[in-house]
Amino acid sequence: MWKRILYILIILILGFGLAFFVFKSEPKLNSNFENEASFLKNFPFRLGLDLSGGSHLIYKADISAVKTGEVSVSMDSLRDVIERRVNLFGVSEPVVQVQNSGFVSGEDEKLIVDLPGVTDVEKATAMIGQTPLLEFKIEAPKDTPQNAIVDKDGKVTLDTSPQFVSTELTGRYLEKATLQFDETTREPQVSLQFDDTGTKLFAQITKDNVGKMVAIYLDGAPISVPVVREEIPNGQAVISGSFTPTEGKQLVGRLNSGALPVPISLLSRQTIGASLGGNAVTAGVKATIVGFLLIALFLIFWYRLPGLIAVFALSIYVTIMLSLFKLLPVTLTAAGIAGFIISIGIAVDANILIFERLKEELRSGRTIADAVSAGFSRAWSSIRDSNISTIISATILFWFGTSLIKGFALTLGMGVLVSMFSAVMISRIFLSGFIFIGEGKVARFLFGSGISK
Amino acid sequence: MFIVKYKKIFLSISVILVLSSLVSLFVFGFQIGIDFKGGALTEVVYQNNRPLQSDLDNAFKTLDLGSVLIQPTGELGYIVKSIDLNEAQHSLLLKTLSEDGKSPLEEKDFNSIGPSVGRELTRKAIIAIILVSIAIILFIAFAFRKVSKPVSSWKYGLMAIVSLLHDVIIPIGLFTYLSHFYGAEVDTLFVVAILTILGLSVSDTIVIFDRIRENLKDKIETNFSDTVGRSLDQSYMRSVFTSVTVIIVLLSLFFFGPESTKYFALMLTAGMFFGTYSSIFLASPLLVLIEELQSKNK
Chain C
1 MWKRILYILI ILILGFGLAF FVFKSEPKLN SNFENEASFL KNFPFRLGLD LSGGSHLIYK
61 ADISAVKTGE VSVSMDSLRD VIERRVNLFG VSEPVVQVQN SGFVSGEDEK LIVDLPGVTD
121 VEKATAMIGQ TPLLEFKIEA PKDTPQNAIV DKDGKVTLDT SPQFVSTELT GRYLEKATLQ
181 FDETTREPQV SLQFDDTGTK LFAQITKDNV GKMVAIYLDG APISVPVVRE EIPNGQAVIS
241 GSFTPTEGKQ LVGRLNSGAL PVPISLLSRQ TIGASLGGNA VTAGVKATIV GFLLIALFLI
301 FWYRLPGLIA VFALSIYVTI MLSLFKLLPV TLTAAGIAGF IISIGIAVDA NILIFERLKE
361 ELRSGRTIAD AVSAGFSRAW SSIRDSNIST IISATILFWF GTSLIKGFAL TLGMGVLVSM
421 FSAVMISRIF LSGFIFIGEG KVARFLFGSG ISK
Chain X
1 MFIVKYKKIF LSISVILVLS SLVSLFVFGF QIGIDFKGGA LTEVVYQNNR PLQSDLDNAF
61 KTLDLGSVLI QPTGELGYIV KSIDLNEAQH SLLLKTLSED GKSPLEEKDF NSIGPSVGRE
121 LTRKAIIAII LVSIAIILFI AFAFRKVSKP VSSWKYGLMA IVSLLHDVII PIGLFTYLSH
181 FYGAEVDTLF VVAILTILGL SVSDTIVIFD RIRENLKDKI ETNFSDTVGR SLDQSYMRSV
241 FTSVTVIIVL LSLFFFGPES TKYFALMLTA GMFFGTYSSI FLASPLLVLI EELQSKNK
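From first to last, the protein sequence lines are chains C and X.
The first sequence runs 1 to 453 under the UniProt record's numbering.
The second sequence runs 1 to 298 under the UniProt record's numbering.
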């Protein structure tokens with residue numbers, strides 16, 4: 001008996017602890033959120049694009065020029081480059097992922113970019129697709145005619161300043177770019193460090209052109225045209241143009257992120273306005289609460305004491321799930337919330353199977369204590385088997401998944417797994433704790449069900 | 001038990017429902033959403049008042065955007081369906097909708113899906129449906145491997161699949177009706193709904209079969225049909241109640257939940273309802289029918 005009471009206490013403490021955690025770590029519920037410990041601040045609910053608003057972009061990577069064995073390497077480096085570019089816009093928690101070609105996903109290598117909170121798709125796609133092109137040019141002989149240059153991406157640019165000709169030195173040989181400020185004028189400058197090949201090229205260029213101008217071109221336009229005073233052997237150069245600190249920072253970021261290893265083209269774009277997402281969150285929360293209350297009423301009216309205990313077990317189940325959503329974390333979408341709501345229904349299912357069985361065992365003349373234990377053990381096989389089929393569907397759905405479906409499958413599958421153990425076990429421990437009320441008429445009434453008796 | 005006794009009536013009801021769903025499927029068909037066929041969907045809300053639809057229609061006729069379908073939504077909004085748009089076309093569309101800035105608007109939602117993405121999703125959906133079905137047949141055959149007399153366990157699996165088809169076809173029929181009269185479109189959530197019904201329908205059938213399995217082991221009746229009858233007697237209440245609870249939450253999702261999951265909740269409700277109907281009035285009586293045919297042939 002003491003052991004049972006101990007279990008009940010442990011569950012109660014755990015349940016309240018989790019509920020407290022969910023409450024405290026949610027800015028909308030906790031008015032004192034700003035002053036909480038950083039541990040609590042680190043676990044808000046993660047909302048999917050359809051709820052938070054944002055953009056979902058799918059790019060196709062053109063890997064026709066890549067050798068078969070190197071596809072996955074170049075896709076990974078493509079992801080890294082795009083990730084660095086995306087990070088430049090200061091989006092919170094962007095997701096950039098590669099979807100490799102295959103039997104299920106189709107023959108294209110794809111890159112999926114999720115930008116929460118970004119609704120200006122035009123700007124986002126422009127920034128992602130932009131390839132910064134850094135070139136170093138030297139003065140041309142006086143009689144050079146106007147000409148066009150072809151850069152390494154196959155782009156043809158009309159050279160509007162025919163007094164300069166291209167050299168081999170480009171942003172490809174750049175090792176690192178950093179932002180610094182001129183010591184006297186406090187103007188922002190971008191300092192460049194070349195790699196070994198770049199250092200040699202740069203040394204050669206500066207050696208050959210002492211006293212002449214070397215133009216630094218960005219995206220086909222000169223941004224800085226310094227005069228070379230002496231040979232620079234250490235591979236360091238400084239661009240001081242007329243840019244603001246912010247522009248300087250962006251330029252550094254773009255130069256460091258480098259050129260795309262494979263060309264990409266946009267296949268699909270989805271943008272969800274933040275207001276639409278906000279409405280969906282409110283509606284989802286409302287549906288969950290209403291659904292939960294209706295079920296609670298039904299359980300208590302129909303199953304009396306066991307029903308009340310089931311409602312209690314369900315509340316703990318819900319707090320466990322909410323805590324898992326925060327801790328894992330699970331990105332919640334409208335479909336994900338639907339999956340969670342359905343999992344609540346399924347968790348109740350398990351309890352009903354047990355209570356109906358309990359009622360039968362009582363009717364066949366067992367004592368309450370015996371009926372409780374028989375009810376649980378005999379209902380278990382059908383709970384297990386019926387939940388396994390739901391888990392099978394959820395698993396396949398998760399694997400099949402676009403992000404929308406993944407969200408649904410994950411919350412449903414998790415819900416069924418957690419409910420199989422938590423809701424059933426918790427109901428059982430509590431119900432066994434109540435059998436001390438004996439075999440009297442009141443006890444029999446409390447364990448009965450239905451409208452009559 | 002009366003369900004087993006009048007099984008032919010209940011079986012006929014199911015047959016009629018399935019047939020009318022199939023007829024509705026062939027007569028009405030589906031409207032396929034852009035998730036599958038590719039295209040663009042733009043939702044805008046005007047700040048003050050929205051321009052006349054005919055004006056916008058005329059404006060779009062002069063542009064090279066293919067056929068553009070405009071539907072009013074809410075008080076001040078339009079949903080615009082078109083071919084999938086690149087960035088230039090997208091800004092042209094917005095410019096036209098705002099009548100070159102005369103009617104200020106806010107873009108609430110924009111989806112542009114390339115046809116190849118749609119094809120990929122279609123393939124994934126078909127593969128998933130096939131895989132779920134196979135996995136479930138295997139699972140049922142496994143779960144019922146110990147009961148092979150008088151009806152072998154794979155036939156339980158087969159009956160579960162028959163009732164599963166029944167549970168999926170009827171909501172699909174309902175959806176074709178919604179699609180025809182209310183413009184519901186087949187999208188990713190539709191496929192999710194179908195797959196979830198597959199899972200829920202089987203779990204419901206298993207609850208009843210589990211009871212038959214237990215009663216066969218305990219030999220509570222002498223013949224198969226009475227055993228099934230008794231099992232139904234003992235388990236139909238819990239089968240109904242378990243479904244009722246799921247239906248309660250689905251209905252609250254339908255009435256209070258997000259706009260995007262409305263049809264989804266409705267389809268699942270129908271799936272759950274007919275799932276319960278089929279596990280009580282279809283799957284088990286069919287088992288009895290099979291057993292009767294078997295003994296006649298002996």
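The set of hints was computed from the structure by calculation and includes no laboratory data.
Don't take every hint at face value.
Claimed, not checked - To list a few chain C residues with every Cβ distance to chain X over 10 Å, as calculated: (1) Lys3; (2) Ile300; (3) Arg428.
Claimed, not checked - Here chain C is said to cover these stretches of chain X; the calculated rule only asks that three of the stretch's residues, wherever they fall, bring their Cβ under 8 Å from a Cβ of chain C: (4) 65-73; (5) 77-91; (6) 100-114; (7) 188-195; (8) 205-213; (9) 236-244.
Claimed, not checked - Only pairs whose alpha carbons sit at most 25 Å apart, straight line, appear in this in silico BS3-like list of lysine-lysine: (10) Lys60/C - Lys37/X; (11) Lys95/X - Lys123/C; (12) Lys217/X - Lys359/C.
Using N, Cα and C, we set each Cβ at its ideal position, and we do this for glycine too.
Tested hints:
no.: 1; hint: Lys3; verdict: holds, 31 Å
no.: 2; hint: Ile300; verdict: holds, 13 Å
no.: 3; hint: Arg428; verdict: holds, 17 Å
no.: 4; hint: 65-73; verdict: violated (count 0)
no.: 5; hint: 77-91; verdict: holds (count 5)
no.: 6; hint: 100-114; verdict: holds (count 9)
no.: 7; hint: 188-195; verdict: holds (count 5)
no.: 8; hint: 205-213; verdict: holds (count 4)
no.: 9; hint: 236-244; verdict: holds (count 5)
no.: 10; hint: Lys60/C - Lys37/X; verdict: holds, 18 Å
no.: 11; hint: Lys95/X - Lys123/C; verdict: holds, 16 Å
no.: 12; hint: Lys217/X - Lys359/C; verdict: holds, 21 Å
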